[in-house]
Structures are given as structure tokens and as C-alpha cells.
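With the hints as constraints, model all of the structure from the sequences given.
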Amino acid sequence: MDEMNKKLESEVLEEESAYEGVLGETGESEAVPEGMVAGVVHISEEVLSELAKKTLSSIDGVQPASPGIASKLGIGRKASEGVRVVLEDNGLHPMASVDVYILVKFGLRIPDLAWDVQEMIKKNIEEYTGYKVKAVNVNVQGIYFKNKVPAESVAEEAKGEVKQPEDSVPELDKSVQPEVEQL
Numbered sequence: 001m002d003e004m005n006k007k008l009e010s011e012v013l014e015e016e017s018a019y020e021g022v023l024g025e026t027g028e029s030e031a032v033p034e035g036m037v038a039g040v041v042h043i044s045e046e047v048l049s050e051l052a053k054k055t056l057s058s059i060d061g062v063q064p065a066s067p068g069i070a071s072k073l074g075i076g077r078k079a080s081e082g083v084r085v086v087l088e089d090n091g092l093h094p095m096a097s098v099d100v101y102i103l104v105k106f107g108l109r110i111p112d113l114a115w116d117v118q119e120m121i122k123k124n125i126e127e128y129t130g131y132k133v134k135a136v137n138v139n140v141q142g143i144y145f146k147n148k149v150p151a152e153s154v155a156e157e158a159k160g161e162v163k164q165p166e167d168s169v170p171e172l173d174k175s176v177q178p179e180v181e182q183l
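Just so you know, we're using the numbering used here here: the sequence shown kicks off at 1 and counts up by one.
No wet-lab data here; the hints were simulated from the structure.
Here are the simulated DSSO-like pairs of lysine-lysine, each with C-alpha atoms no more than 30 Å apart in a straight line: (1) Lys53 with Lys146; (2) Lys105 with Lys123; (3) Lys54 with Lys105; (4) Lys105 with Lys146; (5) Lys54 with Lys146; (6) Lys122 with Lys54; (7) Lys105 with Lys134; (8) Lys54 with Lys132; (9) Lys122 with Lys105; (10) Lys122 with Lys132; (11) Lys123 with Lys146; (12) Lys53 with Lys134.
Derived DEER-like restraints, expressed as beta-carbon distance ranges: (13) Ile143 with Ala31: 56 to 64 Å; (14) Glu50 with Lys132: 15 to 23 Å; (15) Phe106 with Ala135: 26 to 34 Å.
All C-beta atoms in this analysis are idealised placements derived from N, C-alpha and C, irrespective of residue type, glycine included.
Structural data, given as C-alpha cells:
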């Protein structure tokens with residue numbers, strides 16, 4: 001493990017030395033080598049959160065869940081629709097930690113599904129932003145039995161405002177009704 005850490009540190013030092021002279025200590029530009037552009041790109045936690053939510057919506061058998069009472073009361077960082085992102089900006093290599101709160105469809109193997117969630121979120125964030133993902137913490141909040149539960153009904157259920165479904169009889173398609181011989 002120590003060898004791996006030393007190798008990672010040496011790679012980081014090599015990359016940092018490549019950027020020496022581009023930005024001074026005050027952040028103002030000095031001589032910029034030809035072919036390089038000085039400047040910084042910051043990607044907000046909300047953007048990373050949206051990427052994680054979009055990834056969650058693409059995984060069958062998973063849907064976002066509420067992260068818990070602490071988030072609803074405003075304690076700690078804001079969690080949006082089952083995803084919370086913490087960004088550590090240490091200069092050249094920003095790192096993200098992602099907490100996802102999910103419901104899993106009944107009958108699916110939870111450890112396998114959690115692994116898929118971790119891998120896909122990590123892959124998408126790193127691919128689309130270039131940020132490294134330090135951790136993807138999967139919090140399974142429950143299971144569900146239907147294919148997809150609309151987010152509105154989950155929120156209404158939590159508030160005690162469950163709407164009864166309207167009794168509607170689907171209209172029959174007349175083209176598939178059996179023909180009846182008339183006498």
C-alpha cells in the first residue's frame with residue numbers, strides 16, 4: 001500500500017512541476033508556455049449532483065430516496081433528490097465524494113446493484129468533469145415493489161397526503177373485439 005501511495009505522490013509532483021511558472025503564488029499569470037492556456041475551471045457541486053442523479057435514473061432497479069431527517073432540517077450539506085456531493089478542491093486535482101440514497105426494486109441483489117451504482121457514478125463524473133472521485137457511498141433506504149414510484153407520490157406519502165387513484169376503465173380497442181355473427 002505504501003508503494004502505491006509513493007507512486008501516486010510522485011505522479012502528482014511530476015504534474016505539478018509541469019505547471020510551474022504558469023501561475024505564480026498570487027495566482028496571477030507569469031510566462032505561459034506556448035500551447036497552454038492559463039486559467040481555472042471550477043465545476044459546482046450541483047453539476048456533479050445532476051450527473052449522479054442522471055446516472056441513477058439510467059440504472060434499472062434503482063430510484064432516488066430521501067437522504068433523511070437531518071437533510072430535511074437543513075443540518076449538514078444539502079441533499080437533492082437522493083444525492084449529496086462534497087467537493088474537495090486541493091488545487092490541481094479536485095476530488096469529489098458522493099453520497100447517494102436509493103430505493104432498490106424487490107428481488108434484486110443489493111450488493112451487486114450497489115456496486116453498479118458506485119462504478120457508474122464514478123465513471124460518469126470522472127469522464128465528464130475530469131475530477132477524481134474519492135468515494136461513492138451508497139445508502140440503501142428501502143425497497144420498492146412497483147416498477148417506478150413517481151417522486152410526487154413518495155413526497156405526498158411522507159406528508160400524509162396520499163391521493164387515491166381515480167377509478168378509470170380503459171377504453172377497449174374496437175379493432176380487436178371479436179366479431180359476433182348476427183342471426
